[in-house]
Amino acid sequence: MKYLGSPLTAAGALTSTLTVWHPELRKWRPCSAGCFPILVAVQTVALYGAPVWASDLVTSRRGAMILRRVQRRMAIRVARRYRTIPHEAANIRAGTPPMDLLARMHMTVYDRRKALRRDGVTLSGRAVEVQRRQARQSIVREWRGRLDDPSLAGHWTVGAVRPCFETWLERGWGRLTYRLTQVLSGHGCFGEYLCRIGKESTTQCHYCGAGRDTALHTLEECPAWAEERRVLTDTIGGDLSLPTVVRAMVDSERSWNAMASFCERVMLRKEAAEQDRKRGPDPAGRGRR
Numbered sequence: 130m131k132y133l134g135s136p137l138t139a140a141g142a143l144t145s146t147l148t149v150w151h152p153e154l155r156k157w158r159p160c161s162a163g164c165f166p167i168l169v170a171v172q173t174v175a176l177y178g179a180p181v182w183a184s185d186l187v188t189s190r191r192g193a194m195i196l197r198r199v200q201r202r203m204a205i206r207v208a209r210r211y212r213t214i215p216h217e218a219a220n221i222r223a224g225t226p227p228m229d230l231l232a233r234m235h236m237t238v239y240d241r242r243k244a245l246r247r248d249g250v251t252l253s254g255r256a257v258e259v260q261r262r263q264a265r266q267s268i269v270r271e272w273r274g275r276l277d278d279p280s281l282a283g284h285w286t287v288g289a290v291r292p293c294f295e296t297w298l299e300r301g302w303g304r305l306t307y308r309l310t311q312v313l314s315g316h317g318c319f320g321e322y323l324c325r326i327g328k329e330s331t332t333q334c335h336y337c338g339a340g341r342d343t344a345l346h347t348l349e350e351c352p353a354w355a356e357e358r359r360v361l362t363d364t365i366g367g368d369l370s371l372p373t374v375v376r377a378m379v380d381s382e383r384s385w386n387a388m389a390s391f392c393e394r395v396m397l398r399k400e401a402a403e404q405d406r407k408r409g410p411d412p413a414g415r416g417r418r
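To convert, note that position 230 of the sequence shown is 359 in the numbering used here; the numbers rise steadily by one, no gaps.
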């Protein structure tokens, strides 16, 4: 089998093929409303011939790296996130499994159907769909297992979503806005994050003087947002630890909307204040997000 003149049967050839794909895939720039369908389209292109080459990803580190790079770029755009977000966290927020697992899913479905055809078994459309669903459930379980990696254990996003991972993926509502994802990821207009990337000289909260302005501080503690917080807790309850908030969001569309509204109102004001500080006589850093 060939694609773009390159064979898809060995790890070395897979790397060459993905290297050809990569510059083209980088041109796909999802944004706001239509971004998720474009992500799916990008994955369709990238996973061309996956039943043939999926097993080669084990030995092709460069091929796996290119797939990760492409998917991370697209997932960050879908999830409306800062480019500093780790790959696994971006995938979780975008709700799309890692591409190596998707490639293996396609390979598994293809191999099963091939074996059945060899035995003279013809599958109905419903049976094919059942196979696909089972294969997806399998990779979701493996993906869930990856989140137990100690290197991810302390990550704000992973820790919050892990307890309700499957529900997060299967929820029937909830659009990720730019300001909602700032709070869910911890990457945004927070003193600690801005200081870390060189945009602020201090981690201090400009509103209450607390030593560390973080997403958690903004959500749970800062008195500047007491009124917005009261509206939020009236809907989702008084426990504003992020895992509890995320659980409420995936259990109820009303809770999701309440959290999104809180983030929109609070982060909009924090962003405006950050811009005001930049326009001052001594701007705090000029790094890129």
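To be clear, the hints were calculated from the coordinates, so they are not data collected in a lab.
Cβ coordinates follow ideal geometry from the N, Cα and C atoms, glycine included.
Some hints here could point you the wrong way.
[Unchecked claim] Quick list of simulated restraints, FRET-style, between CB atoms:
hint: 1; residue 1: S267; residue 2: E356; range: 34 to 40 Å
hint: 2; residue 1: S184; residue 2: G338; range: 28 to 34 Å
hint: 3; residue 1: D368; residue 2: R406; range: 18 to 24 Å
hint: 4; residue 1: R304; residue 2: S184; range: 35 to 41 Å
hint: 5; residue 1: A256; residue 2: G327; range: 53 to 59 Å
hint: 6; residue 1: P292; residue 2: G338; range: 32 to 38 Å
hint: 7; residue 1: T296; residue 2: D405; range: 38 to 44 Å
hint: 8; residue 1: G301; residue 2: R246; range: 18 to 24 Å
hint: 9; residue 1: R304; residue 2: A402; range: 22 to 28 Å
[As the list claims (entries may be wrong)] The calculated EDC-like cross-link candidates involving lysine to aspartate or glutamate, where the alpha carbons are at most 16 Å apart (straight line), are:
hint: 10; residue 1: K328; residue 2: E271
hint: 11; residue 1: K328; residue 2: D405
hint: 12; residue 1: K328; residue 2: E403
Right, here's what the structure says about each hint:
no.	hint	in the structure
1	S267 / E356: 34 to 40 Å	47 Å, violated
2	S184 / G338: 28 to 34 Å	57 Å, violated
3	D368 / R406: 18 to 24 Å	32 Å, violated
4	R304 / S184: 35 to 41 Å	37 Å, holds
5	A256 / G327: 53 to 59 Å	56 Å, holds
6	P292 / G338: 32 to 38 Å	33 Å, holds
7	T296 / D405: 38 to 44 Å	40 Å, holds
8	G301 / R246: 18 to 24 Å	35 Å, violated
9	R304 / A402: 22 to 28 Å	25 Å, holds
10	K328 / E271	38 Å, violated
11	K328 / D405	13 Å, holds
12	K328 / E403	10 Å, holds
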